[in-house]
Amino acid sequence: MNAILQIRDLHTQFDTLDGVVRAVDGVSFDVARGETLGIVGESGCGKSVTALSILRLIPPETGRIAQGSIRFEGTELTVLSEEEMKRLRGHRISMIFQEPMTSLNPVLTIGTQIAENVVRHLRVSWKAGRDRAREMLDLVRIADAARRLDEYPHQLSGGMRQRVMIAMALSCAPQVLIADEPTTALDVTIQAQILDLMLELKEKTGTAIVLITHDLGVVAETTERVVVMYAGRKVEEAPVEALFDDPLHPYTRGLMQAIPRLDVDADANGERPRLQEIPGLVPLLTRPIVGCAFAARCSLATDHCRSAAPPFVDAGAGHGVACWETGA
Amino acid sequence: MVVTAYIVRRLFATLPVMAVVALFVFFLLRLAPGDPAAIIAGEDATNEAIEAVRARLGLDRPIVEQFAVWLWALLQGDMGVSIFSNLPVTRLIAQRLEPTLALTLSTLFIAVALAIPIGVVAAWKARKLADRLVMGFAVLGFAMPVFVLAYVLIYFFAVQWQLLPVQGYSPIAEGFWPFVESLILPSIALGITYMALIARITRASMLEVLQQDYIRTANAKGLATDRVLLLHALKNASVPIVTVIGIGIALLISGVVITETVFNIPGLGRLTVDAVLKRDYPIVQGLILVFAAAKVIVNLIIDISYAFLDPRIRY
Amino acid sequence: MAASSAVLADDLAPPSRRFSLPTAIRRNPTIALGGALLAALIVMAIFAPLIATNDPFKIAPVNRLRPPSERWWFGTDQFGRDVFSRTVYGARVSLIVGLSVAAFSSLLGLALGLACGYFKRIDSIVMRVMDGLMAIPSILLAIALITLTRPGLGIVIVAIVIPEVPRIVRVVRAVVLSIRAQPYIESAIAGGTKNIKLLARHVLPNTLAPLIVQSTYVCASAMLIEAGLSFLGAGVPPEVPSWGNIIAQGRSFFQIAPWTILIPGAFLAVTVLAVNLLGDGLRDRLDPRLARRL
Chain A
60 MNAILQIRDL
70 HTQFDTLDGV
80 VRAVDGVSFD
90 VARGETLGIV
100 GESGCGKSVT
110 ALSILRLIPP
120 ETGRIAQGSI
130 RFEGTELTVL
140 SEEEMKRLRG
150 HRISMIFQEP
160 MTSLNPVLTI
170 GTQIAENVVR
180 HLRVSWKAGR
190 DRAREMLDLV
200 RIADAARRLD
210 EYPHQLSGGM
220 RQRVMIAMAL
230 SCAPQVLIAD
240 EPTTALDVTI
250 QAQILDLMLE
260 LKEKTGTAIV
270 LITHDLGVVA
280 ETTERVVVMY
290 AGRKVEEAPV
300 EALFDDPLHP
310 YTRGLMQAIP
320 RLDVDADANG
330 ERPRLQEIPG
340 LVPLLTRPIV
350 GCAFAARCSL
360 ATDHCRSAAP
370 PFVDAGAGHG
380 VACWETGA
Chain B
187 MVVTAYIVRR
197 LFATLPVMAV
207 VALFVFFLLR
217 LAPGDPAAII
227 AGEDATNEAI
237 EAVRARLGLD
247 RPIVEQFAVW
257 LWALLQGDMG
267 VSIFSNLPVT
277 RLIAQRLEPT
287 LALTLSTLFI
297 AVALAIPIGV
307 VAAWKARKLA
317 DRLVMGFAVL
327 GFAMPVFVLA
337 YVLIYFFAVQ
347 WQLLPVQGYS
357 PIAEGFWPFV
367 ESLILPSIAL
377 GITYMALIAR
387 ITRASMLEVL
397 QQDYIRTANA
407 KGLATDRVLL
417 LHALKNASVP
427 IVTVIGIGIA
437 LLISGVVITE
447 TVFNIPGLGR
457 LTVDAVLKRD
467 YPIVQGLILV
477 FAAAKVIVNL
487 IIDISYAFLD
497 PRIRY
Chain C
2 MAASSAVLAD
12 DLAPPSRRFS
22 LPTAIRRNPT
32 IALGGALLAA
42 LIVMAIFAPL
52 IATNDPFKIA
62 PVNRLRPPSE
72 RWWFGTDQFG
82 RDVFSRTVYG
92 ARVSLIVGLS
102 VAAFSSLLGL
112 ALGLACGYFK
122 RIDSIVMRVM
132 DGLMAIPSIL
142 LAIALITLTR
152 PGLGIVIVAI
162 VIPEVPRIVR
172 VVRAVVLSIR
182 AQPYIESAIA
192 GGTKNIKLLA
202 RHVLPNTLAP
212 LIVQSTYVCA
222 SAMLIEAGLS
232 FLGAGVPPEV
242 PSWGNIIAQG
252 RSFFQIAPWT
262 ILIPGAFLAV
272 TVLAVNLLGD
282 GLRDRLDPRL
292 ARRL
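Chains as they are written, first to last, in this note's numbering: chain A, 60 to 387; chain B, 187 to 501; chain C, 2 to 295.
Read the hints as simulated data drawn from the structure, not as lab findings.
Fair warning: there could be bad hints in the mix.
[Unchecked claim] Simulated restraints on C-beta separations:
no., chain 1, residue 1, chain 2, residue 2, range
1, B, A312, C, T24, 20 to 30 Å
2, A, K186, B, I490, 26 to 36 Å
3, A, L340, C, A25, 31 to 41 Å
4, C, F120, B, P202, 16 to 26 Å
5, B, P202, A, A232, 35 to 45 Å
6, B, P202, C, L51, 46 to 56 Å
7, B, F494, A, V349, 52 to 62 Å
8, B, F198, C, A189, 35 to 45 Å
[Unchecked claim] A few chain A positions that, by computed beta-carbon distances, are all more than 10 Å from chain B:
no., residue
9, G103
10, S128
11, D255
12, R333
13, G386
We treat Cβ as the ideally placed atom computed from N, Cα and C, and that holds for glycine.
Kindly produce the complete structure, drawing on both the sequences and the hints.
Written as structure tokens, this is what we have:
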């Protein structure tokens with residue numbers, strides 16, 4: 060694989076009043092040049108923390124990358140200085156966040172916020188920066204771009220703000236765009252527009268996208284490959300069709316079964332089958348988890364599962380899973 | 187233009203406040219139990235003297251007429267005449283204006299120029315040593331009474347080490363450096379409380395702003411630290427800071443009265459104390475009006491600055 | 002469901018609820034420090050006659066301007082009076098003024114604030130007056146009021162209450178308005194709850210925390226204003242030992258006898274500090290959201 064980003068055995072931890080939280084507990088995956096990789100999992104599974112770890116945006120007072128390697132185009136990111144990381148952020152690797160309402164600075168104009176990124180990283184004049192900002196606004200299909208440059212975020216709608224975020228993130232033509240739940244806070248119709256926009260831009264610019272989401276529908280529509288995370292660990296990885304056709308990990312299967320379906324007919328009594336749920340709760344991340352993290356909720360679990368963490372094995376055709384029962 | 191409309195509206199809002207102040211100042215004398223004329227004339231005045239005062243100040247006319255006369259004169263710049271010196275109040279005030287203005291402005295400037303950076307650094311290095319030092323200073327500084335601090339400063343800098351003058355004011359016309367030297371200790375004494383307040387609010391406001399998502403975005407763009415702190419963060423934190431600067435002006439004005447007394451600076455503060463103790467009411471009235479007007483104008487400027495600091499406040 | 006070594010979220014027991022003083026002190030260091038200092042000062046003020054080593058009023062010119070020594074712990078002033086004893090008695094004035102002003106302005110402010118929050122017409126008039134009062138610097142207002150009549154402790158208290166009340170009225174009014182805007186109040190009114198009951202059960206309890214915090218700041222401010230007034234000669238009569246008085250009288254001889262000013266000054270600073278610490282600690286404890294405003 061032509062990997063632009065290689066993450067190996069990443070461990071990210073936080074200090075809390077209740078102890079050390081192992082938010083990311085040994086995660087490894089690659090991102091190929093120009094591909095769209097989805098990272099999916101429920102709230103708290105560590106997907107956002109993984110993204111923040113790549114850019115080393117974990118606040119140093121509370122957390123740290125305890126262990127692991129993150130290689131970007133061959134360069135090891137975990138040993139770079141803060142100054143060197145700043146040169147990468149917004150320039151070679153960009154990130155956009157979930158809440159467009161609050162992610163833009165309310166007292167600076169749109170134009171300033173996009174232009175400053177360009178001026179900072181590409182070392183051009185402010186005029187050139189503003190021109191580029193206008194180009195980017197056109198690219199993300201915001202009408203009347205010249206006027207918008209001098210407007211403030213509160214004058215724009217949520218969908219438009221997210222477009223501005225995308226414009227800002229792509230303004231220096233990064234190799235990787237990390238999108239952390241970019242459409243979760245938007246309503247469904249806007250969601251579709253934003254995702255389409257992102258894919259279209261990806262085609263144009265060749266940027267790889269790491270799309271983090273909890274929504275399997277978004278995964279199905281937008282991504283090429285998927286990584287499934289649970290309790291800070293990677294439990295399955297596959298090309299998107301393979302994941303949906305043949306989910307191997309019991310957690311993934313549970314997720315698929317839990318999707319409410321409209322195409323199921325009522326039976327003779329006029330009743331529809333119950334929604335399937337995954338019984339139990341997510342484990343606490345303050346104690347080291349012995350054995351498989353999902354064992355407590357898994358119908359296939361054996362004593363072996365509870366005592367030894369299953370290794371991640373390749374089941375062929377780019378499909379891998381970490382499960383004693385289904386992966387061997 | 188939305189901003190102009192906002193400014194005009196804020197201007198009009200000051201009128202009711204000044205009206206209340208004017209009413210209060212006018213009724214000040216008449217609030218006292220007893221006969222205003224007798225109070226002004228003094229404790230040992232004869233009946234004739236009291237009547238003379240009454241006639242001279244027009245205290246025998248109906249109250250509404252008195253108020254109208256007084257207000258009209260005021261709007262024409264006539265604040266009456268001092269009882270003791272027979273000089274126009276406006277002239278007395280104008281004579282004493284320079285020292286007070288110099289002191290207030292220098293204190294304001296020093297306090298703001300030092301306190302805001304201190305507060306920013308404290309928020310940036312939250313919970314580390316720099317922060318704890320700043321917070322300690324803020325708590326102590328705010329509790330320190332102005333005159334105590336003034337005497338401590340005088341004791342060390344003027345008496346023991348003889349670096350600066352013990353008291354007195356040197357007008358700027360008589361030389362720039364003596365002017366500056368005479369202002370250093372008073373400005374520090376007056377300004378410490380103010381600085382403590384501003385530093386504290388700056389820190390608190392910055393801390394809150396630094397938690398916001400848009401700061402995370404700024405960091406994710408790899409912007410330089412000073413740009414993130416000073417432009418992205420501070421601009422957002424500025425509204426409460428500027429508010430407190432305005433509120434603190436009241437502290438400053440109260441403190442000026444005391445500071446001028448301690449340092450023997452012949453300004454409006456000293457004039458106030460002398461006038462009040464001698465019960466020279468026309469001067470007291472004039473001074474209260476002047477101080478209140480100053481405070482109102484400062485607050486107006488602050489209100490207007492909001493429109494420039496935060497584009498959401500244009501209403 | 003089989004047992005597992007992974008700890009599930011609902012396994013943790015609720016924390017213990019017994020009150021323990023050492024923990025309370027550790028968790029609220031500012032309240033503890035401020036409260037302890039203030040308590041010590043109050044004790045000193047109450048037991049002043051027992052603590053003072055000499056008669057604070059006794060004039061003995063032969064002993065004038067002595068430096069601190071065994072007999073006069075803080076030295077003497079220009080009349081030969083013992084500075085230590087005068088300082089100890091001075092605590093009484095500051096504390097009485099501070100606490101009374103805080104109490105009266107809180108009561109008055111609470112009443113006015115509630116009235117403003119409930120009655121629109123009262124609100125417009127009272128708030129204009131409050132704005133006007135706040136436009137006048139407090140020391141000037143206090144001095145002006147005091148000189149209207151004969152000076153005395155009571156007058157000083159009244160004269161300081163008046164400039165401090167607007168602050169409390171503002172805070173109380175803000176709380177009342179925000180509570181009344183809550184949906185649950187609307188439904189209570191729709192359900193027929195009487196105003197009095199609403200007031201007692203919903204509005205008043207919510208005003209208490211901000212009120213207490215503001216009143217500590219008013220107390221500190223009042224002590225500073227009283228000291229300033231006495232310093233300027235417009236406060237309590239000069240024979241009564243007040244820290245402001247003592248400092249004022251020490252002015253002429255400051256360069257040769259700095260202790261007459263620095264010592265009472267230090268006491269004043271520490272007292273104000275104690276009250277401020279108490280206020281800050283209470284504010285952080287009672288309502289973390291308040292920490293954002295002044």
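Status of the hints after comparison with the structure:
1. B:A312 x C:T24: 20 to 30 Å: 25 Å, holds
2. A:K186 x B:I490: 26 to 36 Å: Since the Cβ atoms of K186 (chain A) and I490 (chain B) sit about 31 Å apart, the hinted range of 26 to 36 Å holds.
3. A:L340 x C:A25: 31 to 41 Å: 34 Å, holds
4. C:F120 x B:P202: 16 to 26 Å: The hinted range 16 to 26 Å holds for F120 (chain C) and P202 (chain B), with Cβ atoms some 19 Å apart.
5. B:P202 x A:A232: 35 to 45 Å: 58 Å, violated
6. B:P202 x C:L51: 46 to 56 Å: Taking Cβ atoms as reference, P202 (chain B) and L51 (chain C) lie about 54 Å apart, which means the hint holds.
7. B:F494 x A:V349: 52 to 62 Å: Given range 52 to 62 Å: holds, Cβ gap about 59 Å.
8. B:F198 x C:A189: 35 to 45 Å: Check passed, 38 Å falls within 35 to 45 Å.
9. G103: 19 Å, holds
10. S128: S128 (chain A) is indeed farther than 10 Å from all Cβ atoms of chain B, at 21 Å.
11. D255: Label holds. Min Cβ-Cβ 23 Å, cutoff 10 Å.
12. R333: Given a closest Cβ separation of 39 Å, the condition holds.
13. G386: 36 Å, holds
Taken one by one, the earlier hints fail for this structure only at number 5.
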